[in-house]
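> The primary structure of each chain is shown beneath.
4 protein chains.
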Amino acid sequence: MRQGEKTAGDSVEDQSGSTHTGTMHSTGVRNLWQSPRVEKILLPYTLRSTEAHVRMLGDSQLIEPEVAERVAAAIIELAEKNRAGEVFLTAEDEDVTSAIQRHLYYTLGEDARVVKQFFTPRDQFSTDIRLWMKETVVGISLSLLRLRNLFVALAERDRETIMPSYVHQKKSRSISLADFWLANEMRFARDFNRLEELRERLETLPLSEAVQLSSGKFIERSRIGLYLGFETVVENTLDAASDRDHLLEFAAFASLLGVHVSQLASDLMTWSMHEFGFIRLPRPFFFKDQEISNKKHQELLGIMRSRPAAIFGRMQEILSAMKGLSINYSQDIEECLPGVIETADHVTFLVEMSLALLPQLEFDVDSLRDAANPVVVSGESAIDYLVNRDVRRPAAEKIIEQVMQYCKDRRKQPIDMTMNEWNLFSQAFDEGVYDAVAITELEQPVVYNNEWLSPDVSQRIVLNVERARKDIERDRAAITAFPD
Amino acid sequence: MRQGEKTAGDSVEDQSGSTHTGTMHSTGVRNLWQSPRVEKILLPYTLRSTEAHVRMLGDSQLIEPEVAERVAAAIIELAEKNRAGEVFLTAEDEDVTSAIQRHLYYTLGEDARVVKQFFTPRDQFSTDIRLWMKETVVGISLSLLRLRNLFVALAERDRETIMPSYVHQKKSRSISLADFWLANEMRFARDFNRLEELRERLETLPLSEAVQLSSGKFIERSRIGLYLGFETVVENTLDAASDRDHLLEFAAFASLLGVHVSQLASDLMTWSMHEFGFIRLPRPFFFKDQEISNKKHQELLGIMRSRPAAIFGRMQEILSAMKGLSINYSQDIEECLPGVIETADHVTFLVEMSLALLPQLEFDVDSLRDAANPVVVSGESAIDYLVNRDVRRPAAEKIIEQVMQYCKDRRKQPIDMTMNEWNLFSQAFDEGVYDAVAITELEQPVVYNNEWLSPDVSQRIVLNVERARKDIERDRAAITAFPD
Amino acid sequence: MRQGEKTAGDSVEDQSGSTHTGTMHSTGVRNLWQSPRVEKILLPYTLRSTEAHVRMLGDSQLIEPEVAERVAAAIIELAEKNRAGEVFLTAEDEDVTSAIQRHLYYTLGEDARVVKQFFTPRDQFSTDIRLWMKETVVGISLSLLRLRNLFVALAERDRETIMPSYVHQKKSRSISLADFWLANEMRFARDFNRLEELRERLETLPLSEAVQLSSGKFIERSRIGLYLGFETVVENTLDAASDRDHLLEFAAFASLLGVHVSQLASDLMTWSMHEFGFIRLPRPFFFKDQEISNKKHQELLGIMRSRPAAIFGRMQEILSAMKGLSINYSQDIEECLPGVIETADHVTFLVEMSLALLPQLEFDVDSLRDAANPVVVSGESAIDYLVNRDVRRPAAEKIIEQVMQYCKDRRKQPIDMTMNEWNLFSQAFDEGVYDAVAITELEQPVVYNNEWLSPDVSQRIVLNVERARKDIERDRAAITAFPD
Amino acid sequence: MRQGEKTAGDSVEDQSGSTHTGTMHSTGVRNLWQSPRVEKILLPYTLRSTEAHVRMLGDSQLIEPEVAERVAAAIIELAEKNRAGEVFLTAEDEDVTSAIQRHLYYTLGEDARVVKQFFTPRDQFSTDIRLWMKETVVGISLSLLRLRNLFVALAERDRETIMPSYVHQKKSRSISLADFWLANEMRFARDFNRLEELRERLETLPLSEAVQLSSGKFIERSRIGLYLGFETVVENTLDAASDRDHLLEFAAFASLLGVHVSQLASDLMTWSMHEFGFIRLPRPFFFKDQEISNKKHQELLGIMRSRPAAIFGRMQEILSAMKGLSINYSQDIEECLPGVIETADHVTFLVEMSLALLPQLEFDVDSLRDAANPVVVSGESAIDYLVNRDVRRPAAEKIIEQVMQYCKDRRKQPIDMTMNEWNLFSQAFDEGVYDAVAITELEQPVVYNNEWLSPDVSQRIVLNVERARKDIERDRAAITAFPD
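Chains as they are written, first to last, in our numbering: chain Y, 1 to 484; chain F, 1 to 484; chain L, 1 to 484; chain A, 1 to 484.
Hints in this document: simulated from the structure, not taken from any laboratory. Don't take every hint at face value.
[Said to hold, decoys possible] Computed footprint of chain A on chain L, listed as stretches where at least three residues anywhere in the stretch have a Cβ under 8 Å from a Cβ of chain A:
hint, region
1, 159-171
2, 192-198
3, 255-265
4, 311-320
5, 325-336
[To be verified] No farther apart than 16 Å at their CA atoms in a straight line, the calculated lysine to aspartate or glutamate pairs in the EDC-like style are these:
hint, chain 1, residue 1, chain 2, residue 2
6, L, Lys170, Y, Glu299
7, A, Lys170, F, Glu299
8, A, Lys171, F, Glu299
9, Y, Lys40, Y, Asp111
10, F, Lys170, A, Glu299
Remember, predicted model here, so these are calculated numbers, not experimental data. Built from N, CA and C at the ideal position, the CB exists for glycine as well.
Pulled out of the complex, with its shape left as it was, chain Y reads as follows:
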């Protein structure tokens, strides 16, 4: 019996000896669930968390401080090489962690061993994702601040540009083009705020397991957190292992932002149609210093409208993957990562694209003003006027339609009709109708914001712009205060 066991044991050792072939084999498999892209993105964060761990070990006298210093220096050097584009992972490496160990062993020999006395791969993976997520969130927040600033600048530029608003895709009251930009600023400001709230929830180091070293001593998690910029340390091991709320929350943030970008692009596409003529597409259009032909430009708007669908899909993918899992670590959790990374890519792309494209659009101020067609607008007002006089809406609509046709045939404005003419169509009209059909002018009628009402609507926009600028400054300060 003993021999058989020994043989079994030997064969096992033999097999483990065939390192090279074995690992080469496993390479292809590694990529099944961790694409090279994911590995490449996580690598810098794995290096940072490894360095923090080693420094803690030295600080806590769990290893020689000099050794810790030497290893940390070697890790920093690796990080620099990686940034410089040196090949890091080879087919021989089982994963990112073992690649790091291999490199360190090459440089440091036995000292490299200390990086093994580490948290579990699960724990490190959770930590690295969170580091990536934090940095990604800050990057996107800064882009959003630039985008909000752009909207404010456009609002200032276009505050005198009158245009129609729409309800159910029918023309309604006149607004200023600045109102359109400011509405967008408010949307992306809400996105920014949601992202800020997520960032605060990312402030917990998710290290939870295996913190007792084989020496019987314990690692100091809060010290690692300090090195990595986390404010607190997770207190529950199950929650640490299974919580991916932040990935879902990021996907939800991205989905709302996607709605905003898509709607923005959709309006711009409509406005650039021949039938509208509000926008002339820029020629040439520049994106990241590249010239893009006019033809391509319309396609780019199409991408802005369409790409958010990919974000929605990722949101659904992660929800579906997380549903009904056990509250534990499982492979399904790792599977969510590519989707989140792609989501971050899409968000960054959409924001950058907006930043590049919007300032280059040429608005046809005359077309916009013409479209804020007083005849149509006064028609709407006239219908309201009749309804307020107890004419049922369907009847009122028909009456005013006839009035409009009457005016069109005679090439006159409703405001120029006599009371007799009005009463041809309904006895419900009295002198008040002239107020109702008075031609809408920017300086006079847009009274939806009575608090800031002024004879000069531009004045209101100036106030709105001021408020927005102040908010942006406050938000920028919050980001900058963030201990990166």
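Put chains F, L and A on the given structure of chain Y with help from the hints.
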């Protein structure tokens, strides 16, 4: 020509005269996009916003204060009748608003007319939805506080109950059942926080249009906001008309909560399987004072696991509906409402179900402790031990598997093997192996939380429970402070 | 010991004696997972499957044929009462099946007992759903045939109506409005075909379990199938219990149909905008004999565009609910039913709405023809012309833009320019340019279908219409041949 | 005036002269919406469609047949170079088409010009996607045939292996492990059929536009279709431009397949848990000739369970992207492509993974048989027995639970109880109870398929296997008959 026109006008008036039939006809159509359910839910909020409007008109001397008082009183009376279940909407009413006007006209005669001098239907609709959303959010927040409290109470009850944790669905280190409850508390605490943040973003009255009365005077939006409990007033008319971020944000909150409920139910289902035997399903199970047979009980867990999919679907529905719309009011926006209402229903149901079910589950403490199988656990530790001694993991796994089979055949524990026996399997073993395979006991090994490490793990749970209780109290205070 | 057991037994019997209260209690719970709506929809099918079962029992001499006849007659009577709107389910009934048993017991006394010797609730539930699905599929197929017919009729009506097509939302070549209708016919024809294929997959009776009666004899499943109109009987018990492919396949069909309806509505909405002026919304619009005001009409198009999002959400809901289940019966499977029923409702509504709305739209033939702007069109052709002569596209675009501006300034058509004028802009122009910029006329240029090319494009449409009519007839025959 | 225009013209030419820089710039932009991966995948199909076009031109005497032959040969050579891995696209190429033109120009000089007289990029893009989709569909169909064959082989191997089935995750009647494999065969057979139906709908060449050559002659679309293996030619230009039903239909097929794979993996994961012990994970596991450690194996099952979520997300992405578009060509349509390609990747991966993994799983026949616990099963039967005797189910459940406890305490089987003992618990028991609790044996009780009932259940499985084999052969023949 003139006569023809007059005729046309007349026929229009005639048509508008056939009021009764006309509106009866349109009833069926109304329900196409606004189900009776949606109307019934919105009605109380429409009454409240109408009342606030009338009071503002009186306060601002835009109408006689006495009239305002009389109309407001009539509205309150209507609200009471509605609460009492009196039929409110009939087939004759075009929509909720016109039903209210009809009722008021019946009671007040001409005075009822003042409620027409109102914001547009769009504006009122936006306001009513937001009132509903605010109240719904507060209601769910309170339920979540109760649920978090329940988890804490269960944690206290079960802090001595040892059980296995799992990784990749394989047994791993032992934990306390309290850890499971506390992990859930943390998940729902995050849900609670997200809901709180949404609530803050709901504090803006979305009234934006038509605030100039026909008299040329203006309504005071901030006064209406005061009556309805809004802190600020929207400043941009396009944003007011098109913003439904809060519906999407609520759907996203609900989706994350759905993930949490689904995972909780999934673990409980698994644990109640014959093969696990951790849970005996309660007999009888009570839900809202109704007795539910044991058979049904398993089905209820199935619902908790499955229903969140309906929430995910609604999230996707709303995203898809909102994508690519113009930044304006459109019917598509109204279409989002049923999905959000159903989402709120599902969330409420899932939380209530959890509150009813969880305290009634009977845990088999012995089965749980037996399952925290020391042999298996020490096997895991022994593999780690070998890996730390530079045996490659696949080889280490095979070696320990042989050791385990060896022990099983001889009915002994690994800790009882001699060093000679260990070395039969690999020369990498030395005396340190005994530490690695020491049987895991609750009093000794669960060292994942070194900051609060103590010989008595219960002590750590006591601390966690304390922290959770404090958080819940703080959150409850925040809700109660909320000006409802 | 014996006494204690007896007591336990007694108390159990007692509890079971309190039938009334018990079932009243459980009523509310029943509705948790089976809404009254679902029950109401399934009831007729449960009656049918019960009847078929009883008839089989009689045919097979498993019960007295006279009894079978009597029970079947009673079931038919119940079905009639149910159709007539008599209250069927009361709070006392645990579910639909027990309600049926109660009613039968009331009429037949002990004979009613035979309906209990039935397949399991799971089996009956699967059968009833499939019966419902089959009937629903046939109903929708018939509506789709009507819709396809409508598109063909519209194509015939509008075959002389020229209009622009669009690429990237920019005007492109001219087409006939008939082409638009025929494209839609082809889309819904594909939907029809997919539904037909699903119907064929529904031809398997999913009865699989509990077919051995307590008498030791066996039920004849294929005979039940015969009564219910199924062609084959499922051969695998696990597949019978867990397969809900048909629900998902229906949801997928519905999603594609939703895309088609949404795109159709989107084009119609755009065309009815003031800026386009292609469509005048009908006044009045009739839906199910109800008059709908012009104002509402635009909202209905909004619903057609938006409602498909609800279908997409249901698709996602079912996918998410089914993912990762065990291949067995579970509550999660039942939970899919409401979503599928709602999907069927939405599909029916969207098709009916299209049938009602489309024939009432008034197209402005002149606006359509004017919009097929020859200047713009010939511009596009001229760009292609230059590209074919090796001018790079961006350059070609700029050149032609200058040409167009030049023509606009001089109020002339490109075709009226001299060769000298052309060569002002580029030497790449030669005489061939005149062909390229020849004004597009319906009788001449739309040459995308060379096989049927004719000087009279109407001729091609006539051929297409003929082909479509033939397909519709073939498809109608297939449906009618269907053994209902 | 003339001079200015000339200058403008000149500057345009200049700009177009800076070809090299210009195209280099545009490279980065190209990748915004067409990833290198998409381009690489489409390239072979673009070459094929270009070749078919050129051959048609020669056949129709639209160009010199010799020239056609020369160009076609050059294209074939390019395709070979591309297969051999030679770099094809450079930063200078605007897109795949212009890269091909560049290569051909280099080889052929002026003759290369004929490939430009082609359908529009849109048309070619639609054609190339369809070619890719057709080939992808056939490839997946063949894999599915192999998978179905595997399930049949496993069913044959395991037909004597008895195991429990589950209902609501509770043990129910015994089945054969073969039943599990055959249920899966039926699921993937349905997937196969759906894919076949899609393949038939792919048989239409979507070339529709620009078929009039500048010479005034027309291209022969049906001849191109012949070269490319399409059976018919699209008849409607709008449908050709906008129809992407096949992409959505493929995504729907993939989603259903994803449900099947996910559920299969989920059962296997559960069965390999320590608490079940039905499966020993293979050691080593081989995937594509690579050895995968036991540890990784569980992760692979996790991937099979989780990855389908990515497919669901893509389905949703495409639905969302397509919703509400105009029925025309737009960029949004192109944006769907990456999602479909990823879907195809995921499907291929999941099927290949299943093919590799399933035959290597080691089932513990004894554990499976033990789990088909007769005591539990007979308990279920006994409950049914009581219910059939009019004991209400909750009461019946309690009675049998007491019986089971009684037996357990006395270490006896229910079948060994006397009638007196039975009647201790309820008077509803009579001699019939012994049939109800007879121990379930494979040879005797699994009677759910009465048509093929036999004393030897294996016999039924043999019949099922036979049926499945015949179906697979029929389906294989259908594929092979496919004119590739």
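> Name the hints, by number, that the structure is in violation of.
Violated hint (a single one): 9; every other hint is consistent with the structure.
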